[in-house]
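Protein chains in written order, with the numbering used here: chain A, 1 to 441; chain G, 1 to 322.
Careful, some of the hints might be misleading.
[As the list claims (entries may be wrong)] Here are the simulated SDA-like pairs of lysine to any residue, each with C-alpha atoms no more than 20 Å apart in a straight line:
#	chain 1	residue 1	chain 2	residue 2
1	G	K218	A	G275
2	G	K218	A	E282
3	A	K165	G	I170
4	G	K93	G	I50
5	G	K81	G	V69
6	A	K32	G	I61
7	G	K304	A	I138
8	A	K390	A	Q420
9	A	K198	G	K304
10	A	K32	G	I76
11	G	K293	G	V69
12	G	K183	A	H152
13	G	K183	A	I148
14	A	K49	G	L54
Everything labelled a hint here was simulated from the structure, so no lab data went into it.
Please read all numbers here as calculations on a predicted model, not as lab measurements.
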Amino acid sequence: MFESLTEKLNTIFKTITGRGRLTETNVRDALKEVRLALLEADVNYKVVKNLVEDIRRRAVGREVLESLTPGQQLIKIVNEELSRLMGGVRYGLELSGRTPHSLMLVGLQGSGKTTTAAKLARLLLKQGRHPYLIPADIYRPAAVDQLIKLGHQIEVPVYPADTTKQPEEICLDALSKASRELADVLIIDTAGRLHVDKELMAELVEIKAKINPVEILLVADAMTGQDAVNVAKRFDESLDITGVILTKMEGDARGGAALSIKAVTDKPIKFIGVGEKIDALEPFYPDRMASQILGMGDVLSLIEKVQTDFDEKEAKKLEKKLRKKQFDLEDFQLQLKQIKKIGSLDQILGMMPGVGELKKLKQFKPDGRELVKVEAIINSMTRNERRNYKIINGSRRRRIAKGSGCKVQDVNRILKNFTQTKKIMERFSRTGLPNMGSLFG
Amino acid sequence: MFFKKKDTEKDIKNADPGTNLVQRLQQGLAMTRSTLTGRLDRLFFGKKEITDDLLEELEEILFTSDIGVATTQELIDSVQKKVERKELKDPEKLKFALRDHILSFLEVQAVSHLSPEPGEPLVIMVIGVNGVGKTTTIGKAAQRYILQGKKVMLVAADTFRAAAVEQLGIWGERVGADVVKQKTGADPSAVVFDGLAAAISREIDVVLIDTAGRLHTKINLMEELAKIHRVAGRKLPGAPHEVWLILDATTGQNAISQAETFNNALGLTHIVLTKLDGTAKGGIVVGISRQLKIPIKYIGIGEKIDDLRPFNARDFVQAIFD
Numbered sequence: 001m002f003e004s005l006t007e008k009l010n011t012i013f014k015t016i017t018g019r020g021r022l023t024e025t026n027v028r029d030a031l032k033e034v035r036l037a038l039l040e041a042d043v044n045y046k047v048v049k050n051l052v053e054d055i056r057r058r059a060v061g062r063e064v065l066e067s068l069t070p071g072q073q074l075i076k077i078v079n080e081e082l083s084r085l086m087g088g089v090r091y092g093l094e095l096s097g098r099t100p101h102s103l104m105l106v107g108l109q110g111s112g113k114t115t116t117a118a119k120l121a122r123l124l125l126k127q128g129r130h131p132y133l134i135p136a137d138i139y140r141p142a143a144v145d146q147l148i149k150l151g152h153q154i155e156v157p158v159y160p161a162d163t164t165k166q167p168e169e170i171c172l173d174a175l176s177k178a179s180r181e182l183a184d185v186l187i188i189d190t191a192g193r194l195h196v197d198k199e200l201m202a203e204l205v206e207i208k209a210k211i212n213p214v215e216i217l218l219v220a221d222a223m224t225g226q227d228a229v230n231v232a233k234r235f236d237e238s239l240d241i242t243g244v245i246l247t248k249m250e251g252d253a254r255g256g257a258a259l260s261i262k263a264v265t266d267k268p269i270k271f272i273g274v275g276e277k278i279d280a281l282e283p284f285y286p287d288r289m290a291s292q293i294l295g296m297g298d299v300l301s302l303i304e305k306v307q308t309d310f311d312e313k314e315a316k317k318l319e320k321k322l323r324k325k326q327f328d329l330e331d332f333q334l335q336l337k338q339i340k341k342i343g344s345l346d347q348i349l350g351m352m353p354g355v356g357e358l359k360k361l362k363q364f365k366p367d368g369r370e371l372v373k374v375e376a377i378i379n380s381m382t383r384n385e386r387r388n389y390k391i392i393n394g395s396r397r398r399r400i401a402k403g404s405g406c407k408v409q410d411v412n413r414i415l416k417n418f419t420q421t422k423k424i425m426e427r428f429s430r431t432g433l434p435n436m437g438s439l440f441g
Numbered sequence: 001m002f003f004k005k006k007d008t009e010k011d012i013k014n015a016d017p018g019t020n021l022v023q024r025l026q027q028g029l030a031m032t033r034s035t036l037t038g039r040l041d042r043l044f045f046g047k048k049e050i051t052d053d054l055l056e057e058l059e060e061i062l063f064t065s066d067i068g069v070a071t072t073q074e075l076i077d078s079v080q081k082k083v084e085r086k087e088l089k090d091p092e093k094l095k096f097a098l099r100d101h102i103l104s105f106l107e108v109q110a111v112s113h114l115s116p117e118p119g120e121p122l123v124i125m126v127i128g129v130n131g132v133g134k135t136t137t138i139g140k141a142a143q144r145y146i147l148q149g150k151k152v153m154l155v156a157a158d159t160f161r162a163a164a165v166e167q168l169g170i171w172g173e174r175v176g177a178d179v180v181k182q183k184t185g186a187d188p189s190a191v192v193f194d195g196l197a198a199a200i201s202r203e204i205d206v207v208l209i210d211t212a213g214r215l216h217t218k219i220n221l222m223e224e225l226a227k228i229h230r231v232a233g234r235k236l237p238g239a240p241h242e243v244w245l246i247l248d249a250t251t252g253q254n255a256i257s258q259a260e261t262f263n264n265a266l267g268l269t270h271i272v273l274t275k276l277d278g279t280a281k282g283g284i285v286v287g288i289s290r291q292l293k294i295p296i297k298y299i300g301i302g303e304k305i306d307d308l309r310p311f312n313a314r315d316f317v318q319a320i321f322d
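Hey, can you work out the whole structure from these sequences and the hints?
Given below as structure tokens:
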């Protein structure tokens, strides 16, 4: 349902277009949809309640910009409000004062602390720092092993913790050893624990008191549901955290937890984890997160990723074409080539608006091998066919199938999906970069 | 946690100063429960008629339990209709109607699946996204089977995550189960193939296969999982007999997408809901049961070896309203 929030709002506003102002009455139904969309994205119930009230206040009376429909105008306001709530600006690590600095990673079990510790170490290493990893998880079997192995991979020293000792002792010993080894940033990987476990929460308070870290980062899973507020609140109350790292952002979760956590702690989200590889850690951008929560795709991230690989001129040309509704198979062929340069398909798809709708297409399957097939089919078309798919009749289809080594059904399928894709793309063309390569099978 | 009140009270009486963490946790929860009445009871206390405010508060309970938009709307709509038709007037009855409705979603038939031939091991494949507690659940499940007198083998097919093999090895030692493993980086299908061969020759009763956590959106990794499944069936026809999806109770609506995708790829036979010892209600399984009709086998309520309990739908629904 969430995929088509813009569409839904447009339907609601359809009856009242022409009026150039958002009013109490025409906004009411639209806000109901916004509310459900946020709940569907796992934003906490109470947070949603406050948020919708704020948006109502900001929206009513606003003029609708000439270039926008009322639905788009409202989305714009919602998007701005979400971005504002999640920080507005970007925060890096706060590494000031005397070295060595200590960072402490805390969170629930399975949120991704150990992997994140290694990712942070690698990032710091690249920035010319001398990180030192400290495994303070004496409970989970082989947790220390895991960090030692990860440290080895990125060539960062790891304190060989003795799991028979208490975590705060381990940290103190590691601190003196790190200083001797001339490390300047210590990253403490603590054991996962429940926020309601008084004993284990006290252990963290103890470590904090002994080590006096400059950063205490809550590592939270982007897929977390309503409980995110309880978890973040308790960790913040006990430890006064300095920031948040959201993990597992490469999946298809909307990540409403980001909003909930920010709302209850008012602490910045500093990084996001976007994969299992050690370099998959990125800065957090509130505006992009806002569009993701709203299901509008991470258009900005895509643009950035594409920038180095994607020919900007071509992109502009394409955008122009889309505006004029002239997107054809030739453009698509070009896109396929660009996509190959950029990288993994599902990663790109995740960042694109409208993907939710594409997934609803029956045969939609972003599969690398399918892509080869699609390319072969388009390559077997004549230039005229690519420019005007409407001329591709039965006999042309048979020829294309033969030429590409596929079945006629494959050709039909591609053409059908192409037309559907074209529609979707044209709808989104107003908001940003064209939706690339969405014709898979 | 879902213990009937009586059990919990009994636990407190029997508790001595040297009780373990789990018992202490239970006591703590029981205390909270005795000082506060349930969310729902508080909500209905003293109310004589069903008002819009009451329905809104009801909606809040459902949403904050992660029951999700679609399921919550269906539940509230059905209540509202009954109120309009004057079938429901008494708030007290509303409470029971709602409980029964949720129960009807949760009580699903077993998914039909093959059983092992006599003399062959029961093979269970355990899957899920990263960090949901697959390895821990396997350790605890192994313990349950061993207590039933079964010979258990653990197969370390998570050859990706650093030290995952070691983690499973430690669980094997703890519960007294054989562990079949290769080096990190080995082909997981090969590990499973060898594991099943060993299980057959050692006359093992239950084989638990630990797979690497993977996000359901990663196509290559999902294909790898399908391959493990196929290879298991090649070594031992009918295997894996059961496929358990592990879900984290703190997960929100994304769990539906996880369940759908894993179910499409492998065909799930059971769901295990972990980490219910926190404040998350795990309401997401209501929507999943309603949609996919896959039964929930166990719940995980702590890190201790015996913290895996059979799922009880009534207790679960009770806990949502507590």
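The hints, checked one at a time:
1. K218/G <-> G275/A: Since the Cα atoms of K218/G and G275/A sit roughly 10 Å apart, the hinted pair holds (cutoff 20 Å).
2. K218/G <-> E282/A: The hint holds at about 19 Å.
3. K165/A <-> I170/G: OK: K165/A and I170/G at ~19 Å, within 20 Å.
4. K93/G <-> I50/G: Distance of about 10 Å is within 20 Å: holds.
5. K81/G <-> V69/G: Holds: K81/G and V69/G sit about 18 Å apart, inside 20 Å.
6. K32/A <-> I61/G: holds (18 Å)
7. K304/G <-> I138/A: holds (14 Å)
8. K390/A <-> Q420/A: With a Cα-Cα distance of about 14 Å, the restraint between K390/A and Q420/A holds, given a limit of 20 Å.
9. K198/A <-> K304/G: holds (17 Å)
10. K32/A <-> I76/G: Holds, at roughly 16 Å.
11. K293/G <-> V69/G: holds (18 Å)
12. K183/G <-> H152/A: Satisfied, since the Cα-Cα distance of roughly 16 Å is no more than 20 Å.
13. K183/G <-> I148/A: Holds. K183/G to I148/A sits at ~16 Å (cutoff 20 Å).
14. K49/A <-> L54/G: holds (16 Å)
Figure legend: structure checked against the earlier numbered hints; every hint is met.
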